[in-house]
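Number of protein chains: 2
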Amino acid sequence: MSRLTHYLPIIGWLKTYSRQDFSEDLFAGVITAILLVPQGIAYAILAGLPPELGLYASILPPILYALFGTSRALSVGPVSIAAIMIASALSAPEISALGNPVQSTVILSAEIGLIMLLMALLKMGGLVSFISHPVLTGFTSGASLLIIASQLPQLAGLKTPTCGLNVACYGTYIQGFNAATLGIALAALGVLIVFGKPLITLLKKLGLSVSIVTAISKCAPLLTVVVGTLAVSYFSLQSQQHVAVVGQVPSGFPRLNLDFMRSQQWRLLLPSAAFIALIAYVESVAIAKVTANLRGEKITPNQELIALGAANLAAALSGGMPVAGGFSRTMVNFAAGAKTQMAMLIAAGLLSVAVIFFTPWFANIPKAVLAAIILMAILPLLRLKNILHTWRYDRGDGLAELMTLLGVLVFGIEEGIVLGIILTIASHLRKTGQPHIAVVGRIPDTEQFRNIKRHHVETWPHLLFIRIDESIMFSNIDYIENYLTTELAQQPETKHVVLIFTSVSDIDASALEALEHINHALQKAGKTLNIAEAKGPVMDKLKKTDFIEQLKPGKVFFRNVDAIKALAE
Amino acid sequence: MSRLTHYLPIIGWLKTYSRQDFSEDLFAGVITAILLVPQGIAYAILAGLPPELGLYASILPPILYALFGTSRALSVGPVSIAAIMIASALSAPEISALGNPVQSTVILSAEIGLIMLLMALLKMGGLVSFISHPVLTGFTSGASLLIIASQLPQLAGLKTPTCGLNVACYGTYIQGFNAATLGIALAALGVLIVFGKPLITLLKKLGLSVSIVTAISKCAPLLTVVVGTLAVSYFSLQSQQHVAVVGQVPSGFPRLNLDFMRSQQWRLLLPSAAFIALIAYVESVAIAKVTANLRGEKITPNQELIALGAANLAAALSGGMPVAGGFSRTMVNFAAGAKTQMAMLIAAGLLSVAVIFFTPWFANIPKAVLAAIILMAILPLLRLKNILHTWRYDRGDGLAELMTLLGVLVFGIEEGIVLGIILTIASHLRKTGQPHIAVVGRIPDTEQFRNIKRHHVETWPHLLFIRIDESIMFSNIDYIENYLTTELAQQPETKHVVLIFTSVSDIDASALEALEHINHALQKAGKTLNIAEAKGPVMDKLKKTDFIEQLKPGKVFFRNVDAIKALAE
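Those sequence lines, one after another, are chains G and L. Going by the UniProt record's numbering, the final residue of the first sequence carries number 569, and the count climbs one at a time with no gaps. Going by the UniProt record's numbering, the final residue of the second sequence carries number 569, and the count climbs one at a time with no gaps.
The following block holds chain G by itself, in its conformation from the complex (with noise of 0.2 angstroms):
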């Protein structure tokens, strides 16, 4: 019973489920649904799809991660930054020369699930740690900036300039915006940034309760979806004024269908889907596990992967496009006071119901709003500020994360992703290559030994204690062994080494040659090399070699303060 709840965690919380539950659920989904069709819409169409394919994305596969998923408050479908991944796979001349976006999508979305599967298969979960938290912001940032950039000739009714870097052109590129299509986007992002702040203060100031200032906030995509489509229809501004709008979207249930299951072109998508798939994972799980910290619930990233792998089956079976947790959604449904994913069942329940019998509605939504809904979505992901916030901290992340970001831009999304993952690797390494070597004594009537060039310490003519600060290792056994030949250069009185293992975790097969090299050195110096707190896994290690027999007369000390008994008289 506890594994069924293991494999499908909506058992466990239904179990518990209240009528209170229910009631804040309800409320809760409505305002995530009413959020959910404007940007299932939108984000469709950024990906360069029909705008029907961002609608089915978001029944089944949220229905799908409610029953597997282990987050309460993760809304999944559409999302932004997938969307843009998606039209730079769907770019690339071998997708784009097939001419069927629509069906390389579907693909996309059944092989991003069935890489997620595989990944929880094979329990690769931890093997996304690899992607660091600057990387991750790094590329978050770039892909909103790509967004930002894709979404602005939209609010006045141009087309993505092609001028290049000459500046000339620009300038007559500019003259051909559709002015009614400009003050419907200004208006738009006018009711989008009043409804913000500013009237959640005003209402909280009014003594309203915060989730009737959510719902209300909340609105404001839809508010301007409605009044943006009624203004088209009413002043017949599709017809007389060239606003472009979204276009028919079919009625009725996506249809299930199995038809990309005869395609060619799986072998072409497959390095797009394994990029996406491990975004969508990376910033899902990240996601989630907000929102799981403010409850103290636990978010499990196995787990994680079945569900959004299934998520994602489910759209590609749905004919959606792919799937992840969305960040300002989850946010919302959250702040609306979801407690369960019954919130995202019911919101699925009523997207079904909108795609069913308001389609005929869609047709006319102006898309500049819709780019004026992106673009007021995307801002907070933008975090250009964190770059030196993280360099100011750590010189390698810093880099790591603005080369992630320049790569985006310059080099494309997934170059930039893999330019990120190679520079926090060899800014690793390059740490690990030069440790922290401090010469230590000890501070007087204690145990502790510490840097002598920070502490007030004790020391021993012919007795030199070395900590070596990191694991010894093909990377850094050269730095070590340089520093211990200038070291024994300086104190040349010295007649025993000890080298102190606190912190060295591990020691691997280059650095146990090389230690036996300066052991070897030291013996025929007339000196001896000594060990001291080694850890349990470091010893038993090196007590698998004859490497303790070779110290001899050196020895292996249990503490410090043992070596000073021994050696220092």
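Calculated directly from the structure, the hints in this document are not laboratory data. Take the hints with a grain of salt, since some may be wrong.
Each pair may be met inside one copy or between any two copies, as identical chains are not told apart.
What the hints assert, rightly or not - In silico DSSO-like links for lysine-lysine, alpha-carbon gap of 27 angstroms or less: (1) K431 - K15; (2) K431 - K298; (3) K431 - K541; (4) K204 - K339; (5) K453 - K495; (6) K298 - K123; (7) K385 - K565; (8) K544 - K339; (9) K552 - K527; (10) K385 - K541; (11) K339 - K527; (12) K565 - K552; (13) K495 - K524; (14) K543 - K453; (15) K527 - K543; (16) K565 - K555; (17) K543 - K555.
Following the hints, complete the assembly by docking chain L onto the known chain G.
Relative to chain G, chain L alone:
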């Protein structure tokens, strides 16, 4: 002056050079020259080149190394591993299509020299430490196997087989052997084997001095060459028995020329040059260190890059193949008593004499004898058992060594190195990703805090001491967080968590962020997070942030025992 000595180490030893030194160097120089002639010709042929390219590489390059190098015994010249790498570079379709292997080789020499000098300029000597010992050993063994496979057919006068996996084909192939060639080869192998250990043991028993014994033993290659050549000439074995011989070698000094400057194949050869430079440098320094350690001398890696770079440029100028420090030759030079690089200057002088006066004699050297010499020289480099040895000590390193060897054999020489480097880094990241973590307690009446599972220690009910045996970073923060959560679930009465940072040498940006979350979650649960025994550099970094402020009422303790005093009551 000391700066001049730094860049021209020859000045250093010339100042104290004695008549006694010279007599020892003279002896060693003659012995090494006797070895150098057949090796130079053999390695050129191994690389698929005319024999003179190996001889030219034995004159000017060692002179340049003698000026700049920090090793006193290293014998720089043609080497077997570089030869097989050159053969591999020349056999690439784009290069072999050009049909000018001699020019391509001279360009390789020039590029290798320039790459080494560039690395010296950028102080990149340390970067090569990323080739771990297991990868280097696996690579050397793999390359040795390739060399053996290329030389075995030569012993019987056979061409390289083209049978693939067709076993029947080998039956026919092997029948094409040349009886006279096989006879010469077996005789040569016999002499080389007998002049090795058996003769040395015998002569030592007869009471001869070590240097005389070494000299006699090391004449074996020259002896086989002389006898083999005389046999070919006297019995006209080439014309009558089709025994393959070296053929005409141009007489006289190599012409210094800059023809290669005008060539187009620079770009094509660059990747191979980079790999050869890397391996040539790493192998040379490894060999130089072995002899330097035996005599208490010191090798300066960056100066070695300058010396080897200059030597390779000299090889290019004088039309020779790329050079490096040779393992067997250096050991012979050292064992014959070489005190300084004067020995190599003498050997270079003797080689000049050979090139001017003796080249007509080289034409009839049977290739089978050279193959026998190569085989005997390569055998000590084949260390297959070492893989098992490494595996027993460290699985990750053992796997890297095995895969490097297999990579060299299956995918190619350069691919093998890359595979090995990637596996070493992956194994290292895997280790750091799942660090050893121990719940610790105090060993009564000491300041030692040790694993509660390994030692008999005191603990306190509300106090949880956890020692993390690794720097905290992107790759392990999730693992550490899970460990903490599990441990706290098992000990719900815990009020204070103390993280012992003795082994934590760095906290990267991802880890800092995660620690902030952990602290926040603990505070919400009414617990505190504390830190003890953090090292100076870690504290310096944390003090740049407000993390210590956030910890409150959690504290930072200088010693674990301070934490007990403050928290155990």
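Hints versus structure:
1. For the homomeric pair K431 and K15, neither the shortest alpha-carbon distance inside one copy (50 angstroms) nor that between copies (41 angstroms) is at most 27 angstroms.
2. With identical chains, the CA atoms of K431 and K298 are at most 27 angstroms apart between copies only, with a shortest distance of 25 angstroms across copies and 33 angstroms within one.
3. Taking the shortest alpha-carbon separations for K431 and K541, both the intra-copy value of 24 angstroms and the inter-copy value of 14 angstroms come in at or below 27 angstroms.
4. Taking CA atoms no more than 27 angstroms apart as the test, K204 paired with K339 passes inside one copy only; the shortest distance there is 23 angstroms, against 89 angstroms between copies.
5. Taking the shortest Cα distances, K453 and K495 sit within 27 angstroms of each other inside one copy (22 angstroms), while across copies they are farther apart (36 angstroms).
6. In this homomeric assembly, K298 and K123 come within 27 angstroms of each other (Cα to Cα) only inside a single copy, at 18 angstroms, whereas the closest approach across copies is 49 angstroms.
7. In the homo-oligomer, the alpha carbons of K385 and K565 never lie at most 27 angstroms apart, since the shortest distance is 54 angstroms inside one protomer and 42 angstroms across protomers.
8. Taking the shortest Cα distances, K544 and K339 never come within 27 angstroms of each other, neither inside one copy (54 angstroms) nor across copies (38 angstroms).
9. Within a single copy, K552 and K527 get their C-alpha atoms as close as 11 angstroms, which meets the 27 angstroms cut-off; across copies the closest is 48 angstroms, which misses it.
10. Within a single copy, K385 and K541 get their C-alpha atoms only as close as 46 angstroms, which misses the 27 angstroms cut-off; across copies the closest is 20 angstroms, which meets it.
11. Taking the shortest alpha-carbon separations for K339 and K527, only the inter-copy value of 25 angstroms comes in at or below 27 angstroms, while the best intra-copy value is 68 angstroms.
12. In this assembly of identical chains, K565 and K552 lie within 27 angstroms of each other by CA distance solely inside one copy; the values are 17 angstroms within and 40 angstroms between copies.
13. Taking the closest pair of Cα atoms, K495 and K524 come within 27 angstroms of each other only inside a single copy of the chain (12 angstroms); across copies the shortest separation is 54 angstroms, beyond that limit.
14. Proximity of K543 and K453 under a CA criterion of 27 angstroms is satisfied inter-copy only: 19 angstroms between copies versus 34 angstroms inside one chain copy.
15. Proximity of K527 to K543 under the C-alpha cut-off of 27 angstroms is restricted to the intra-copy arrangement: shortest distance 23 angstroms within a copy versus 40 angstroms between copies.
16. For the homomeric pair K565 and K555, the shortest alpha-carbon distance inside one copy (12 angstroms) is at most 27 angstroms, but the shortest distance between copies (34 angstroms) is not.
17. For the identical chains of this complex, K543 and K555 are intra-copy neighbours only, at 13 angstroms inside a copy versus 38 angstroms across copies, given an alpha-carbon limit of 27 angstroms.
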